[in-house]
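Undergrad: The chain contents come next:
Protein chains: 4
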Amino acid sequence: MSTVLGMNQYGKAETRVVRIYRDTPMHEIRDLNVSTSLRGDFDRAHTIGDQSMIMPTDSQKNTAFAYAKTHGADSIEDYAIALGKRLVTATPAARQVRVRVQEYAWDRIGDHSFVRRGGGVRTCVVTITRGDARDEWDTQVLTGVEDLVVLNSTGSEFKGFLKDEYTTLPETDDRILATSLAATWRHTGTGVDWNRSYEAAVTTLLRTFAGTYSRALQETLYVMGVALLESQDALAEVRFSAPNKHHFLVDFSDFRVNGLTNDGEVFNAADRPCGLIEAQVIRDDAPTARDAWPAEPGFR
Amino acid sequence: MSTVLGMNQYGKAETRVVRIYRDTPMHEIRDLNVSTSLRGDFDRAHTIGDQSMIMPTDSQKNTAFAYAKTHGADSIEDYAIALGKRLVTATPAARQVRVRVQEYAWDRIGDHSFVRRGGGVRTCVVTITRGDARDEWDTQVLTGVEDLVVLNSTGSEFKGFLKDEYTTLPETDDRILATSLAATWRHTGTGVDWNRSYEAAVTTLLRTFAGTYSRALQETLYVMGVALLESQDALAEVRFSAPNKHHFLVDFSDFRVNGLTNDGEVFNAADRPCGLIEAQVIRDDAPTARDAWPAEPGFR
Amino acid sequence: MSTVLGMNQYGKAETRVVRIYRDTPMHEIRDLNVSTSLRGDFDRAHTIGDQSMIMPTDSQKNTAFAYAKTHGADSIEDYAIALGKRLVTATPAARQVRVRVQEYAWDRIGDHSFVRRGGGVRTCVVTITRGDARDEWDTQVLTGVEDLVVLNSTGSEFKGFLKDEYTTLPETDDRILATSLAATWRHTGTGVDWNRSYEAAVTTLLRTFAGTYSRALQETLYVMGVALLESQDALAEVRFSAPNKHHFLVDFSDFRVNGLTNDGEVFNAADRPCGLIEAQVIRDDAPTARDAWPAEPGFR
Amino acid sequence: MSTVLGMNQYGKAETRVVRIYRDTPMHEIRDLNVSTSLRGDFDRAHTIGDQSMIMPTDSQKNTAFAYAKTHGADSIEDYAIALGKRLVTATPAARQVRVRVQEYAWDRIGDHSFVRRGGGVRTCVVTITRGDARDEWDTQVLTGVEDLVVLNSTGSEFKGFLKDEYTTLPETDDRILATSLAATWRHTGTGVDWNRSYEAAVTTLLRTFAGTYSRALQETLYVMGVALLESQDALAEVRFSAPNKHHFLVDFSDFRVNGLTNDGEVFNAADRPCGLIEAQVIRDDAPTARDAWPAEPGFR
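Chains as they are written, first to last, in full-length UniProt numbering: chain A, 1 to 300; chain B, 1 to 300; chain C, 1 to 300; chain D, 1 to 300.
One or more hints might be untrue.
In this list, chains with the same sequence are indistinguishable; a pair is considered to hold if it fits within one copy or across any two.
[What the hints assert, rightly or not] The calculated lysine to aspartate or glutamate pairs, modelled on EDC-like cross-linking and capped at a C-alpha distance of 16 Å, are:
| # | residue 1 | residue 2 |
| --- | --- | --- |
| 1 | K245 | D271 |
| 2 | K163 | D138 |
| 3 | K159 | D174 |
| 4 | K69 | D23 |
| 5 | K163 | E28 |
| 6 | K69 | D50 |
| 7 | K163 | D284 |
| 8 | K245 | E165 |
| 9 | K85 | D173 |
| 10 | K245 | E157 |
| 11 | K159 | D50 |
| 12 | K163 | E136 |
| 13 | K85 | D43 |
| 14 | K69 | D233 |
Simulated from the structure, these hints should not be mistaken for laboratory data.
One chain only, chain A, in its complex shape:
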């Protein structure tokens, strides 16, 4: 028997790039968290400690900062594509790069003053593969939102489910449905107005969540996915990861207070455990996604 190096990638995670546009008295801000990973023929770095083909992660970080200036960050997708191509070009052994960006939104409170908005975080994951010819690239762009916490205070039921001897959950016609949504959608191409597409996508997701009667979180996610794909022709698929953030109706029946009832008004917002619903909705004629490297090593 012998052992061999399998998949491998390396890069810089979580470079916190803040870009200020200050060409006019009214400044703009882009607040990014940038992670890059290179894949290619880096075997000798592992097997014999030869670093001659390794572009240091420190240089990747420097490039992320420099490109925020020279290329700019009008949209994170566009920035990630430029940064990714640069990193592959500068690293002959690299065959592919993955650039992941999170963007934190700020609201304006003055010409050069801002307050951080909170709420959902915009994300993108761009995977770029070197082609045979110079300046030939295969580019896959995913856009997404995470930590988008939404709640319906009614219009949600959960009943008619399978039961076994460990089932104690009562059926309910009316419950709170809440989740901290992570959604990612795949674009079929790159000729996209990324900012407009993102804003429209989040609007569609929120509107659909709010407007859908739910027989289960699975159904709600599916309807949201269909609505998103129908709203933008250039999307191939969407994937959701949605914890069912349980809000338990507090039981008032044992309180010794006359007439005290809890008609869907007071809930205990629980931390753990949570349900976790994950689903993908695909346009049936969509090209397959590139998954050159499993998302998470370590088999998570």
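Model the placement of chains B, C and D on the given structure of chain A, informed by the hints.
TA: Quick look at chains B, C and D alone, frame taken from chain A:
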């Protein structure tokens, strides 16, 4: 020598109360994190394990839920006052209660649908002391905001400071000033429109932060404190805890790229360490604050 | 065009199961974080809200608790296998289950008293697929450790690397090498003494980390992977995810103190960004891993 | 009316100092998180933006690094005293300094290799006040431990407590008692073998926790406090902050499984809310603690 019990308090921390108002088709939501602490003559619980004067923290939690229904949570201050009086009344050995509430804001996306806003968290700390007569209470109300992340992309300098042999920081005429503000202000009474006062206070803080040229974060905080006290007569003082969230200008000078400069445009947002500026601004004729128990045991 | 449901799974995440063995005066404790996910034919739950084939996640949680009693948790792998088979059996529409368990270690301080150890967390991910016949199962077991923070204070270099115009990192013959290791290894079968195998694996990883001169973190990981596979015949592969936790030598040269030097003695432990090295080492005759579902939906 | 500046302090929070001792082949490591705060006459920095008396927080950070070399960090208390005196000396306007240090423990796995231990974190808070004469100092040293998670799987009851109409908690003769202890004790002087004192203190706390039958967490804390003060004459007082980390016995009675019982064997470890017990035990002849500045501004 002998040892004695000193200060002590007990209660329930971080009860996550969600209150839905559903009397009309357009629901309202209040999303609270409630902590209660009782102080009084609980010595025998410690010294001989006698629990007969101890109202269980589980009952304090139940009361927090029940009062969200019966008293409601139109404002967290009003809710905390009612809950606090109840807890002291129900616990004969209690002399004082402290109720701390955090409120997470949600934005409406439908009649009964919401998206969590993020951004600053509203807080209150209410301290209620039993008086000699029945229904005689001494009540101190603090309102505040925390995790309010603000940034000025110019209009901030730091120079003319003291230097010793370890000082390497260059003086600067133009830097990013950013902080994650925690501010707390003390009301002189309880006859207050709490929600209106809170909204006005945050507006004043944000407007002053945005409108003030800063020679140091200390100066900015002081100006904000003065503005807040001047904007509302019924405030006695305000306290700030403000990490100086450093945004370091990235040094492009060692990059071998012609003409690449960084004129206040690209920054590295650092995590740790941070400066930490803490200050109090007081109305000079204000009554003294109640500090019956140091805020943090363990001497933190 | 039309849209279809793609991959999907659902379950209960992070059920916090604490199991006390109290058959003798000297108690034992197992402290687990259990997540289960079912995969199969759950399409109608998504497309038309039919829950009749859905075993509630609440029942999955209840089963996790009950099996901690009836089956026990002598090893997390064995517990996860039993729990997983039960969940598939109880859910006719399920074709596969994934059970992920984290175990937090405690040290004994008395017959029935414990102090939580901290340090690395033991993990397993068990994937069980229903076979054609009753009681026929295909079982894949991964064991791992995460949050195992290790540091070499010398014996690490980084030099001879590729350089471009953004490279400013100096080469070094002597640096701190530190990582918070996440490692996962795949067993070829299930007839394993899980606890003994785990302890031996961690010992091998630590000993190899400590005993290896490092020309890059990539090389260290590779050597650790080879050592692990060589130490246990029944392992097919190992995957690492290893942040390069940077410890920057503090520059004393600008301090105006005579004779003050920093010869590898004082470091600034940085939070973000970090390098991130990910690699897989495989036994070349190992059967392929089951990856019926990409680890992370949402393309992360 | 007019407003005035009240209490104020400023400094550098969370400087991550790692000190390697490498004078022999067997290295030593000290891994510290250092926060410093200066108090004194810094009014003009706030009121008119005059920074001439302000030692920058960046210089405080540099000094923390330099002193790790020149003074060393054999014990965090000794290091904090030296660092604090230096900062006050270098800053004429400063009257007082507070230095807080956390130390993360590592276990040895090789001559220059370590694995982070986890478990409780050692802490100190040193407050130093300038005296009238040169080199005259008033020094208060607090030592502590935090995140020390301990659990008794039996030997704990909770009954005979006060009840009101919201009380639903059943009395119990046997429950899990668990807490994540934060304890801080005050030394009466500075001529202390800090490391030996700390080790002995933690041993006493653990042994007493393990060896005490508990009628409530209050009683356990009190007994631990008395034991600690009795074990070391040079301690004036100890303060505890102890969340009651609830472990709820899982109710098996509704499972439809013959003979399934839960006799104190399977628990749900809850996150929030928790009970929170805080108490101080004092040597009755001890001098008063210095509390020149409330621990937490913002009235927390």
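Undergrad: The structure should be examined with respect to each hint, and the outcome stated for every one.
TA: Here is how each hint holds up against the structure:
1. K245 with D271: both (7 Å within a copy, 14 Å between copies)
2. K163 with D138: Neither way: K163 and D138 sit 48 Å apart in one copy and 25 Å across, limit 16 Å.
3. K159 with D174: Close inside one copy (10 Å), not across copies (37 Å); limit 16 Å.
4. K69 with D23: within (12 Å within a copy, 45 Å between copies)
5. K163 with E28: neither (55 Å within a copy, 33 Å between copies)
6. K69 with D50: neither (33 Å within a copy, 34 Å between copies)
7. K163 with D284: Neither, since 34 Å and 45 Å both go past 16 Å.
8. K245 with E165: neither (24 Å within a copy, 30 Å between copies)
9. K85 with D173: neither (53 Å within a copy, 31 Å between copies)
10. K245 with E157: within (15 Å within a copy, 33 Å between copies)
11. K159 with D50: between (60 Å within a copy, 9 Å between copies)
12. K163 with E136: Classified as neither; 55 Å inside a copy, 23 Å across copies.
13. K85 with D43: For K85 and D43, the Cα distance exceeds 16 Å both inside one copy (22 Å) and across copies (39 Å).
14. K69 with D233: Answer is neither; intra-copy 32 Å and inter-copy 47 Å both fail.
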